[in-house]
Amino acid sequence: MQLKARRNAKLREIGTPLAAATCALLGQAAPASVQAQELMPWDVDTSMLVYSESDGRVQDLSLNLRARKEMREEKFLDLSLTLDSLTGASPNGAAPAGVVQTFTNPSGNAQYSIASGEQVLDPSFLDTRTAVAANWEMPVGRLSLLSVGASLSDEFDYTHLGLNANLARDFNNRNTTLSFGVALANDSIDPVGGSPVGLAPMLGLGNNSNKRGDESKDVTDFLIGLTQVLNRHTIVQFNYSLSQSDGYLTDPYKVLSVVDPVTGNPVAGPAGSGLFRYLYESRPDSRDKQSLFGLLKRDFNGDVLEASYRYMTDDWGVDSHTVELRYRFNFGAARYLQPHVRFYQQTAADFYKTVMFAGAPLPAYASADHRLGEFDGVTLGLKYGQQTTRGSEWSARIEYYTQSGNASPGSAVGSLANLDLYPDLNALIAQFSYKFGRR
Amino acid sequence: MLSRRGSNWLGLFQAMASSCEVHVGDADRAIAERVAALAAAEAQRIEAKFSRYRRGNIIDTINTAGGRPIVVDDETARLLDYATRLHELSDGMFDITSGVLRRAWRFDGSDRVPSAEAVAALLPIVGWDKVSWRAPELTLPPGMEIDLGGIGKEYAVDSAAALVRPVSTQCLLNFGGDLLALGPQYGGAPWRVGVESVSDAGAVARHIELTIGALATSGDSRRFLLKDGKRYCHVLDPRSGWPVVGAPRSVTVAAATCTEAGMLATLALLQGADAEAFLEAQGAQFWALR
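In the order they appear, the protein sequences are chains D and S. Numbering of the first sequence is given in the working numbering, commencing with residue 1 and proceeding in unit increments. Numbering of the second sequence is given in the working numbering, commencing with residue 440 and proceeding in unit increments.
None of these hints come from the bench; they were simulated from the model. Ideal Cβ positions, reconstructed from N, Cα and C, are used throughout, including at glycine. There could be a bad hint or two in this list.
Examples of chain D residues lying across from chain S (beta carbon under 8 Å, computed) [as the list claims (entries may be wrong)]:
1) Pro17
2) Ala19
3) Ala21
4) Ala24
5) Leu39
6) Glu70
7) Arg72
8) Glu73
9) Asn109
10) Ser113
11) Ile114
12) Gly117
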């Protein structure tokens, strides 16, 4: 009892007399107020994205978690984790035909059939991807910012390991920023059933004699960027980047149909296989891409316009143009609505073919992957974001993407003329994001 | 002395054995220069007047009076009144005459814990209750000394803030970790303040957003003795002459004035293991690191 009384005496309330005595010392009539709040140690961004292609094609559910912490003054650690779950059917590159077509799946232990006139989709597309990345950012001297990072991702048949570094330096009263970046990646590919020999024919059930083991590729990226503040309302940015890939750049699951050059009908495959003739695709073992990017960001009485253009060209013959516009309508400080539109156009790779003709000499490289063909893409989207009173922010985004190519190119001879050799691709993208922490 | 820090101005100077910073959010360089100059001059004035290391100032005059009464000026009188009030409110634990205990205790990270006799021998010259203080006249018994170092830095922040306020309120004064925001940054954004980790020098243990008001930190992160696995913190109980036991390594308190924040932090550490309970009883906003 005595002990308790003593404790209470020690912990007596002295706040009021202390405040009064302090006022007397400082000669202040009424004390000013205090408004202080501890920041959460981490800034956290979370998001869930659903990507859904029409006609039962690729479906992706992607979850992302990113956390950022100031470890020491102005030194930040950034960690991220992404989980992707991919399901659905993916085009295997073969052309549709006027007859039922049968294919051996990549593992060699099952087959699937595609009805006459239908787009050829491999239904066995299923994967989960886990990606982690860490980044460290720190000032160097008064005007430079260095960031270095590493990334790792793993899928059933694919492993990626990457390192990157970026140095940004401010000039001209911090109105100009020059940045230099380099990224190195080493990817290993261990295709289901093995990596097929380029332009070797698809074989029957249980025969993997045309498959080899693991493959790998190295990618080196360089970037030089310039950001310039033009005035209080306008910023422009220009980037030049160079990307060099070396190694296995082929898609091990993609084939090309071999058709009769007159009738356009599929021709017989290897004896005893029961299949038509399909050749596994083959791509060059190096690719150099260069791109130029320009961005204009301008504030109009609190609303923000972002317009950008990118030109990309590579030594495979693919040239592309991307124009993108975003306009952010800010409703007060806490809410915004942002429409988005994107136009994309690319030319085909030199070795892109919708089909190969029987009897013609085999080229060095060939692919019927629609992503290497000539096509246009349009994206339309809308994003809404809102800040909560506690300083966190959520946003929801919905986008629609449509892609179309040449459905009846010059190679559409005979029966192919009546078939859709480049079916449109439509996809819906929905994303929900929630940010909380210290911002 | 003045440089750009992001969109703010930063003035740096040394005073009271600390690095001092003045952050000014006003876009005008002339205003920032004026604010930094006022704050630096005030910090240096207070150091010159009240440092116990300076010869010839009021503290030196009092400490070398040899038992004679000394008449002090108004500002010193207010500080002595304040010290008297703190002595009462802390049941004698806050005591500006306790500095002589440092003759026995040197908190240099070593294991040199003084003998009980050495400490006991100093107790007769420790205790504000042994002093005769009746404004404006102070009489210290011979051998006793006063030291306002426990109040000085926080007081300097508040004094400088009062001088700066008519010039700009978009500023943050930070005198060696004791700091005060006169108002938010341009556009109403709070100031972001890092509290240093006690275990890892230079690492930030937490961040506090300060819109207006003061933050003061008391701690022993680098001032302690360690003997036979026992840690002796630098906060001494002047009644026994020995360190208080079980105090947090660091306490940061938010209050309207830096002096009030600093005194709450100091009084909390004197409560040892009850530091947090003490601050809760005061309804104070605080962050303790153990």
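(Q) Holds or violated: the hint that glycine 117(D) contacts chain S, with Cβ atoms closer than 8 Å. (A) 63 Å, violated
Q: Using 8 Å as the Cβ threshold, decide whether leucine 39(D) counts as touching chain S.
A: Holds: closest Cβ of chain S sits about 4 Å from leucine 39(D), inside 8 Å.
Q: Go through the hint on asparagine 109(D) and say holds or violated, using the shortest Cβ distance to chain S against 8 Å.
A: Because about 56 Å separates asparagine 109(D) from the closest Cβ in chain S, which is outside the 8 Å limit, the hint is violated.
Q | Satisfaction of the alanine 21(D) interface hint, Cβ to chain S closer than 8 Å | A | 4 Å, holds
Q. Holds or violated: is the Cβ of serine 113(D) closer than 8 Å to a Cβ in chain S?
A. 62 Å, violated
Q. Taking 8 Å as the limit, does the beta-carbon of alanine 19(D) come near enough to a beta-carbon in chain S?
A. With Cβ-Cβ at 6 Å, under 8 Å, it holds.
Q. Does arginine 72(D) pass the interface check with chain S, least Cβ-Cβ distance below 8 Å?
A. 6 Å, holds
Q.
Less than 8 Å between beta-carbons is the criterion; does isoleucine 114(D) satisfy it with respect to chain S?
A. 59 Å, violated
Q.
Can you verify the interface hint for glutamate 73(D): is its Cβ closer than 8 Å to any Cβ in chain S?
A. 6 Å, holds
Q | Supplied contact hint for proline 17(D), tested at 8 Å Cβ to chain S | A | With a minimum Cβ separation of about 6 Å from chain S (threshold 8 Å), the hint on proline 17(D) holds.
Q | glutamate 70(D) as chain S interface residue, shortest Cβ-Cβ below 8 Å | A | Holds, because the Cβ-Cβ distance from glutamate 70(D) to chain S comes to roughly 6 Å (cut-off 8 Å).
Q. Is the interface hint for alanine 24(D) satisfied, with its Cβ closer than 8 Å to some Cβ of chain S?
A. Because about 7 Å separates alanine 24(D) from the closest Cβ in chain S, which is inside the 8 Å limit, the hint holds.
In summary, the numbered hints that this structure violates are 9, 10, 11, 12.
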